[in-house]
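A.B. asks: Chain by chain, the residues run as shown.
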Amino acid sequence: MKILVTVKRVPDVETQLKPNAEGTDFVRDNIKWVVNPFDEIAIEEALRVKEKNAGSEVVLVSIGPKTAQEQLRTGLAMGADRAILVVADENLESLAVAKVIAKLVEQEKPEIVLMGKQAVDYDMGAAGQMLAELLGWPQATFASKVELGGGEAKVTREVDGGLETVACPLPAIVTADLRLNEPRYASLPGIMKARKKELKEIPVADLGIATAPKAKIVKLETPPKRQAGKKVGTVQELVQLLHDEAKVI
Amino acid sequence: MSNVLVVAEHLHGKFPKTTLIAIAAGKALAGKTGGKAIAAVLGTGVDGLAAELASYGVDVVAVEGAQFEHYLADAYTGALAEILGSKGCATALATSTALGKDLMPRLAARLDAAFVADVSGIESADTFIRPMWAGNLFATVKVEGTPRVLTIRGTAFDAATKGGQGAVEKASVGAAGKMKFVEFLETKSDRPVLTEASIVCSGGRGLKSGDNFKTVLEPLCDALGAAMGASRAAVDAGFVPNDLQVGQTGKVVAPALYFAVGISGAIQHLAGMKDSKVIVAINKDEEAPIFQVADYGLVGDLFKAVPELTEEVKKLKAG
Chain A
1 MKILVTVKRV
11 PDVETQLKPN
21 AEGTDFVRDN
31 IKWVVNPFDE
41 IAIEEALRVK
51 EKNAGSEVVL
61 VSIGPKTAQE
71 QLRTGLAMGA
81 DRAILVVADE
91 NLESLAVAKV
101 IAKLVEQEKP
111 EIVLMGKQAV
121 DYDMGAAGQM
131 LAELLGWPQA
141 TFASKVELGG
151 GEAKVTREVD
161 GGLETVACPL
171 PAIVTADLRL
181 NEPRYASLPG
191 IMKARKKELK
201 EIPVADLGIA
211 TAPKAKIVKL
221 ETPPKRQAGK
231 KVGTVQELVQ
241 LLHDEAKVI
Chain B
1 MSNVLVVAEH
11 LHGKFPKTTL
21 IAIAAGKALA
31 GKTGGKAIAA
41 VLGTGVDGLA
51 AELASYGVDV
61 VAVEGAQFEH
71 YLADAYTGAL
81 AEILGSKGCA
91 TALATSTALG
101 KDLMPRLAAR
111 LDAAFVADVS
121 GIESADTFIR
131 PMWAGNLFAT
141 VKVEGTPRVL
151 TIRGTAFDAA
161 TKGGQGAVEK
171 ASVGAAGKMK
181 FVEFLETKSD
191 RPVLTEASIV
201 CSGGRGLKSG
211 DNFKTVLEPL
221 CDALGAAMGA
231 SRAAVDAGFV
241 PNDLQVGQTG
251 KVVAPALYFA
261 VGISGAIQHL
271 AGMKDSKVIV
281 AINKDEEAPI
291 FQVADYGLVG
301 DLFKAVPELT
311 EEVKKLKAG
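From first to last, the protein sequence lines are chains A and B. Each residue of the first sequence is one higher than the one before, starting from 1 at the first, in my numbering. Each residue of the second sequence is one higher than the one before, starting from 1 at the first, in my numbering.
Only chain A is shown next, with the shape it has when bound in the complex (with noise of 0.2 Å):
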């Protein structure tokens, strides 16, 4: 079986990111970067997948700079098997990366794409449901199990008051949710065996695909900041200050 994965190089989760003096993006420089935690949920299940069908491949497509190298070495490490980087030195919105990776499905015909539900950085979660409809393939978001077998993909979501599980005839998209599995560590064996591994760059211009975003941050600020409260010393003085003061018991 074909696994496309696709992997988003992200700030890590613990950076106050700042807006630029423009308004209209973030601040790029002096940022650890890592791989979106959801596309390494993704990879975890591709590898997961390949483990119990033999002569499955795992390949991984990213979209960004030429550093996204990183963040695809770092899923190579974890036993991919090759890897994609489409180089684009514009933020690409979530339906123009749709676009890019249906080219790059067309091109590889792989069964199942399995991605991140959202990227952290931009919050959209989008992509993934947007492949799916440009492909004309079924998608199981937000998914916490996924079972192949018999041409299907069955897929427990993770949905608001409960759990769902959906049929979808493969190919078909699956994005990960939190609890799909825990993913691994890279090993010192598969980090030296990764650099060796295959990573082909695009530049996304050889795609030829529009992608001209349809909406434009025009102003981004960082919210005012919540004040702390005061400190109570006992349970009752805490319920009589809810009553009394902040009137909401």
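Treat the hints with caution; some may be incorrect.
Said to hold, decoys possible - Here are the simulated DSSO-like cross-link-like pairs (lysine-lysine), alpha carbons at most 27 Å apart as the crow flies: (1) B:Lys180 x A:Lys2; (2) B:Lys27 x A:Lys216; (3) B:Lys314 x A:Lys231; (4) A:Lys103 x A:Lys66; (5) A:Lys230 x B:Lys317; (6) B:Lys87 x B:Lys142.
Unchecked claim - FRET-style restraints, in silico, Cβ to Cβ: (7) A:Lys219 x B:Ala318: 49 to 59 Å; (8) A:Gly136 x B:Lys317: 55 to 65 Å; (9) A:Gly233 x B:Ser198: 25 to 35 Å.
It is worth saying that the hints were derived from the structure and are not from the lab. Ideal Cβ placement from N, Cα and C applies to all residues, glycine included.
Take the given structure of chain A and dock chain B to it, following the hints.
C.D. replies: Relative to the frame of chain A, chain B by itself:
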């Protein structure tokens, strides 16, 4: 082409508050686009639901069909795309529920539309405010051209109230998809729904076990008439089901009163609750970041403080 299509999500023959919020946001936006809000309801036996929607003063398109009995992204996308075209809608929106988040990006791709996720403010017909980076940045986004597809942050808009009478139109739609519904395992609870409650009590890793959620936190929830929530750490540890998770990647809530019990206050948790009106933190670690956003902080052992709090609340209610 200036009408706004609102996706009216329903469960067990009722509209959750999140749907009423979408209607209000749809009306507000239609006021700016110079059109009207039109609500779409899909399913089986939707006549009653359609009539109820119309009583909020919006026109309604009711789509009856066995393929819409359960929500499935591909069939719903096809149906909504048809309705958008036939009703002169340049904009479609839904609240950022699990359904809204799953459906609307797909619809945007179908229409080759601009998509804006999790809108927390409507500046004008084409300019919206949205949080990113776990709510630590707010972006004002200007959309070029139409169509436009949005999801709306439920905590940022009030629910629509009844008034006026819209027209109901039954539409027959041919769309069908490849996906199949298998089952829905619903979390049963007598407590208020997390995204609708005026008081939320959330527990974190500090509660140490699922049993402690039942014996320590649940009595407090019941005394207050509160919904129960949890941090990602507590959900990851298997203490409580995933649908209780409050945070960047879980539910976003903004109740009048929020209790964070045994929750340290990771950035991604704060993203889901920091717009609450009053925040109370109970934690034994006085350095915990949650105290930096709490209006009232109690440093202490939650296993002692929470039962005491439950008793005090009961006394107050009885008095």
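A.B. asks: Now tell me if each hint is right for this structure.
C.D. replies: Verification of the supplied hints:
This hinted pair checks out: Lys180 of chain B and Lys2 of chain A have alpha carbons roughly 23 Å apart, not beyond 27 Å. Restraint check for Lys27 of chain B and Lys216 of chain A: the C-alpha separation of about 24 Å stays at or below 27 Å, so the hint holds. A threshold of 27 Å between alpha carbons decides the hint, and for Lys314 of chain B with Lys231 of chain A the separation of about 23 Å falls inside it, so the pair holds. Proximity of Lys103 of chain A to Lys66 of chain A is assessed by CA-CA distance (about 20 Å); at most 27 Å being required, the pair is judged to hold.
Among the hinted pairs, Lys230 of chain A with Lys317 of chain B is consistent with the structure: their alpha-carbon atoms are about 24 Å apart, no more than 27 Å. Between Lys87 of chain B and Lys142 of chain B, the direct Cα distance comes to roughly 24 Å. Compliance with the 27 Å bound is thereby established for this hinted pair. Under the hint 49 to 59 Å, the C-beta atoms of Lys219 of chain A and Ala318 of chain B, about 51 Å apart, fit the expected range. Gly136 of chain A and Lys317 of chain B have their C-beta atoms about 56 Å apart, which keeps the hinted 55 to 65 Å range intact.
Between Gly233 of chain A and Ser198 of chain B the beta carbons are some 27 Å apart, a value that agrees with the proposed interval 25 to 35 Å.
The structure meets every hint from the earlier list without exception.
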